[in-house]
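Peer 1: Model the full structure from these sequences, guided by the hints.
Taken in order, these protein sequences are the chains called C and D.
Reminder that position 16 of the first sequence reads as 33 in our numbering, one-by-one numbering, no gaps.
Reminder that position 61 of the second sequence reads as 303 in our numbering, one-by-one numbering, no gaps.
Since the hints were made in silico from the structure, they are not lab data.
One thing to keep in mind: the hints can contain errors.
Calculated from the model, a selection of chain D residues having no Cβ within reach of chain C, i.e. all distances over 10 Å [said to hold, decoys possible]:
id : residue
1  : V312
2  : G376
3  : L433
4  : G443
5  : G445
6  : A495
Here are the simulated BS3-like cross-link-like pairs (lysine-lysine), alpha carbons at most 30 Å apart as the crow flies [claimed, not checked]:
id : chain 1 : residue 1 : chain 2 : residue 2
7  : C       : K526      : D       : K406
8  : D       : K374      : D       : K406
9  : C       : K427      : D       : K374
10 : D       : K300      : D       : K374
11 : D       : K300      : C       : K526
12 : D       : K406      : D       : K507
13 : D       : K406      : C       : K427
Bear in mind that the values here come from a model prediction, so they are computed numbers and not experimental data.
We put the beta carbon where it would ideally sit given N, CA and C, even for glycine.
Below, each chain spelled out in residue letters.
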Amino acid sequence: MSNALPPTGTKDPLIAAPSAPRARRSRRGTSLFAHGEPMIWFTGGSLVLALLMIIGLLGWVLAQGMGTFWPERVPQLELLGGERLMGELGDVERYTPEASMLDALSPELRARADLELAALDGQLERVLLRSGNFDISNTHYRWVDRYAIAHASRELDDSEAGRQWELDPARFRMEASASDTDWSLVVERLSWGRLYAKPVAFQVAGQALSDDPAEAWEQFEAHHSEARERWQQRRDLETHDIGDVNHALEEARLAARAAQMDLDAALAASAGAPRLTKLRAANEAAQASLLDTEELGEQRFAELQSQIRELDEQNARQTLLVQTADGTLVDLQLADVVRAYPANQLGLFGRLGVYASRWREFLFDDPREANSEGGVFPAIFGTVVMTLIMSLLVVPLGVLAALYLREYAKQGPIVSAVRIAVNNLAGVPSIVFGVFGLGFFCYIVGVSIDELFYSAKLPSPTFGTGGLLWASFTLALLTLPVVIVATEEALSAVPNSMREGSYACGATKWQTIQRIVLPRAAPGIMTGMVLAIARGAGEVAPLMLVGAVKLAPDLPIDVNNWSGSLGPIWTGAAHLERSFMHLGFHIYDLGFQSQNSEAAKPMVYTTTLLLIGIVVTLNLLAVGVRSRLRRRFAGTHV
Amino acid sequence: MTTSSETLRSRAGATSPQTKPSSAEGPSGPPAREAPQSVEPQNSRAPSGGLFASVDAKQPFKTVVHEASVHTDSVLEINDFNLWYGESRALWDISMSCARGKVTALIGPSGCGKSTLLRSVNRMNDLIDTVKVGGEMQLNGDAIYGSGVDVIDLRKRIGMVFQKPNPFPMSIFENVVYSLRIDGERDRTVLEEVCEASLRGAGLWEEAKDRLNDSALAMSGGQQQRLCIARAIAAEPEVLLLDEPCSALDPIATGRIEELIDELKGSYSVLIVTHNMQQASRTSDDTAFMYLGRLVEFGPTSEIFVQPRLKETEDYVTGRFG
Ligand SMILES: Nc1ncnc2c1ncn2[C@@H]1O[C@H](COP(=O)(O)OP(=O)(O)O)[C@@H](O)[C@H]1O
Ligand SMILES: [Mg+2]
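Peer 2: Quick look at the structure:
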């Protein structure tokens with residue numbers, strides 16, 4: 018309607034209309050591809066493939082991870098050579114034996130092996146037995162050839178363990194041992210890993226109180242918790258009380274050293290006499306207070322030591338005498354036993370109890386035995402705290418950067434170049450960020466902080482080495498592109514009409530951003546945060562360089578140790594300079610650095626499961642916040 | 243289309259002595275190369291003769307202004323205003339004035355520059371980098387363009403309602419008091435008073451009073467538009483700009499907005515763009531007819547719709563063209 022129609026009859030080449038109606042052109046039939054029928058299958062198939070991979074991976078981790086803590090039955094095996102074994106059964110595998118090994122067999126064994134070889138096409142079957150008793154046998158696991166088993170006992174109702182023996186029952190004789198007489202114990206110890214043995218007697222100061230297995234077990238159960246309490250008490254004395262003494266000593270030492278350094282510096286600079294006198298007095302006071310503290314510390318130390326010795330003596334009195342399958346007697350201190358249970362006596366609820374107690378230990382306790390036993394609480398704590406600090410750092414920074422790029426910068430080739438560079442930053446290998454973090458944060462920023470504020474502690478570094486803070490900074494840098502990209506998307510999705518409405522009301526640019534654009538973009542920004550958390554919490558490689566360690570004795574947030582006088586920067590209970598444990602690094606360490614890799618394998622799955630769980634939980638929190646924001650701003654007419 | 247450009251010029255000159263002879267063709271603002279009318283493909287088809295032909299041919303051209311629309315008490319004064327989007331010129335020597343407390347309607351075919359003119363009043367066009375302007379406008383005697391004008395302060399004196407309702411993603415209450423919020427008003431009683439008064443002024447109070455804290459985005463389109471009007475009048479603007487406020491609404495919602503504009507008349511000076519002739523004739527006191535960036539005829543609505551001085555205006559308002 019933008020112009021009057023030209024009067025009819027004008028000679029206009031542009032609208033030279035044909036006088037006769039043209040014949041309608043016939044159209045082609047629709048091809049199969051145009052219908053898109055195959056595309057439904059392609060798209061659906063791709064989705065199914067992706068889902069299968071994800072569900073497969075998660076399912077595998079879940080299945081393996083959930084099973085780790087389930088208490089299995091403990092069968093006893095008697096081999097043809099006369100050796101007796103006890104333990105939990107694991108995988109069964111087939112292998113091709115070497116001829117030399119077969120030739121070395123006794124005639125009886127050879128005959129059995131040949132039978133099995135014939136049945137299995139020249140292969141033999143063997144089963145992995147978790148035999149424990151590392152202190153006696155020097156191994157945690159051993160492969161047992163099936164043909165070498167002369168006799169095996171198991172619970173008949175235990176289909177899980179029995180399944181593996183159903184292949185050819187004719188060649189084995191499996192006997193059910195009456196449940197009420199089989200008191201075989203699984204003992205989890207503070208050191209040396211698991212012990213599989215039968216209880217013999219409960220002893221107090223070397224005197225057997227009972228020598229019936231059932232009675233011995235009963236008495237063990239009656240006294241175990243008090244022994245563990247004593248152990249806990251002893252540990253508290255060792256860590257907290259002695260730690261406090263050491264802490265006070267360290268503080269006094271640092272104060273003395275700082276005073277001495279001040280004095281030396283003043284002397285070197287030949288300062289004025291009044292100042293020197295003052296510094297000398299301060300130095301003397303500090304040295305005197307150090308001497309006092311040392312004296313006091315000595316006393317307190319002796320006191321604590323005697324308390325510990327007393328507890329040790331009490332603990333040494335109560336023991337459980339057990340006998341392993343090969344007849345060795347072992348005298349177990351009750352305090353050294355973390356958990357013990359008669360595996361073949363437990364009903365479903367008993368086993369569930371053991372299962373739950375193991376999960377509890379896993380989630381809330383410190384690791385033992387080179388991390389392959391015990392809990393992963395420090396790693397959970399480290400992961401969560403690091404991820405939270407990372408989010409606190411990366412979200413504001415990323416949002417501000419995206420705001421500048423999208424709202425303030427004049428769109429043009431430079432901004433496009435910056436945008437592309439930021440996007441590509443997401444593709445830089447994470448280890449590169451680790452190297453950067455180490456070089457920049459630890460060695461440049463950290464060392465400067467040490468020189469400025471923590472010089473009394475040098476040469477031992479405070480911030481000048483890897484730690485939680487620098488790890489968080491490094492991962493914040495790593496996840497920055499994710500947040501920037503997501504925020505930019507969210508900002509560009511805010512309709513311009515809203516911005517115009519705000520300007521028309523007389524709002525400034527910043528007021529418009531603050532009151533209209535940011536709230537409206539908040540859900541999208543939260544999406545960026547979710548992605549950053551998922552990326553950051555699962556990252557391992559850079560952390561190895563900037564502060565994640567195999568074992569960190571102290572948590573990075575430590576209410577027993579207020580930073581107070583250790584440095585001029587008061588950080589409360591937060592010790593963000595400390596190195597920390599991280600679940601991802603823990604998985605790597607367990608899986609590839611562990612001495613006892615068979616025992617560590619199930620823990621790898623469980624820890625992976627836990628890490629995934631934590632990432633999902635953090636993400637669900639963020640998603641929850643996001644949907645609340647969405648609900649606040651969403652309406653039916655948007 | 244019988245009037246020749248010569249007769250037109252003489253008639254226009256006779257009827258509006260106040261209007262300065264326009265310098266028409268030479269770009270009087272920033273140097274803008276005249277793109278050879280690439281925007282208007284129809285000029286090749288237009289027959290010779292007639293006002294539009296002279297416009298298309300870029301011949302000098304003078305607005306026809308009715309004597310009754312030359313106001314002494316005007317709230318907004320536009321003098322020889324020109325605007326370019328980059329190289330292409332969108333407004334040509336616009337001169338008109340809006341009476342205080344009256345409704346002035348802008349009509350014209352789509353793309354003739356009504357929105358551009360409206361957005362020039364509160365300098366929303368500043369947001370577009372390529373825009374250049376020439377000429378001047380005055381709001382109650384204060385220059386709108388010119389060095390030293392604080393755009394933010396200017397916009398605070400002008401209210402604007404857009405074609406599509408654009409409520410903010412916040413509660414109804416916060417939407418209405420937005421302009422007070424950005425001025426830092428915190429007194430709850432003041433805010434509540436203004437909110438109620440504005441919602442009543444926009445005829446929305448009865449519907450909204452029980453859901454002031456609900457999201458404004460959950461309202462219907464018509465309610466949203468009235469909310470935007472409430473938001474605009476909450477700042478007690480000296481001029482209210484309405485850019486086709488009903489074009490995205492159904493007829494019932496449109497009717498309500500029209501009633502509302504009638505009610506606003508007197509207490510507010512309104513400049514409204516509309517596509518709807520009935521709306522213009524019903525609601526406005528003065529009407530300006532624009533075509534291709536030029537102001538063609540400006541006069542009291544009764545005259546424009548009943549006895550326009552130009553044949554082209556008559557054609558347009560009677561729907562014979564447009
Ligand atoms: N942002 C812009 N950039 C370039 N040209 C524009 C822009 N906005 C509008 N125009 C042009 O300016 C002319 C007038 O547009 P507009 O004021 O929106 O017309 P109306 O509101 O009367 O329909 C049109 O030719 C249109 O193409
Ligand atoms: Mg428009």
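Peer 1: A separate judgement is required for each hint: does it hold in the structure or not?
Peer 2: Comparing the hints with the structure gives:
1. V312: 29 Å, holds
2. G376: 23 Å, holds
3. L433: The assertion about D:L433 holds, with a minimum of 15 Å to chain C.
4. G443: It holds; D:G443 is separated from chain C by about 16 Å at its closest Cβ, greater than 10 Å.
5. G445: 19 Å, holds
6. A495: For D:A495, whose nearest Cβ neighbour in chain C is about 12 Å away, the distance exceeds 10 Å, so it holds.
7. C:K526 / D:K406: Measuring from Cα to Cα gives roughly 21 Å; hence the hint holds.
8. D:K374 / D:K406: Holds - the C-alpha atoms of D:K406 and D:K374 are around 25 Å apart, at most 30 Å.
9. C:K427 / D:K374: With a Cα-Cα distance of about 17 Å, the restraint between C:K427 and D:K374 holds, given a limit of 30 Å.
10. D:K300 / D:K374: Measuring from Cα to Cα gives roughly 20 Å; hence the hint holds.
11. D:K300 / C:K526: 39 Å, violated
12. D:K406 / D:K507: Satisfied, since the Cα-Cα distance of roughly 22 Å is no more than 30 Å.
13. D:K406 / C:K427: 27 Å, holds
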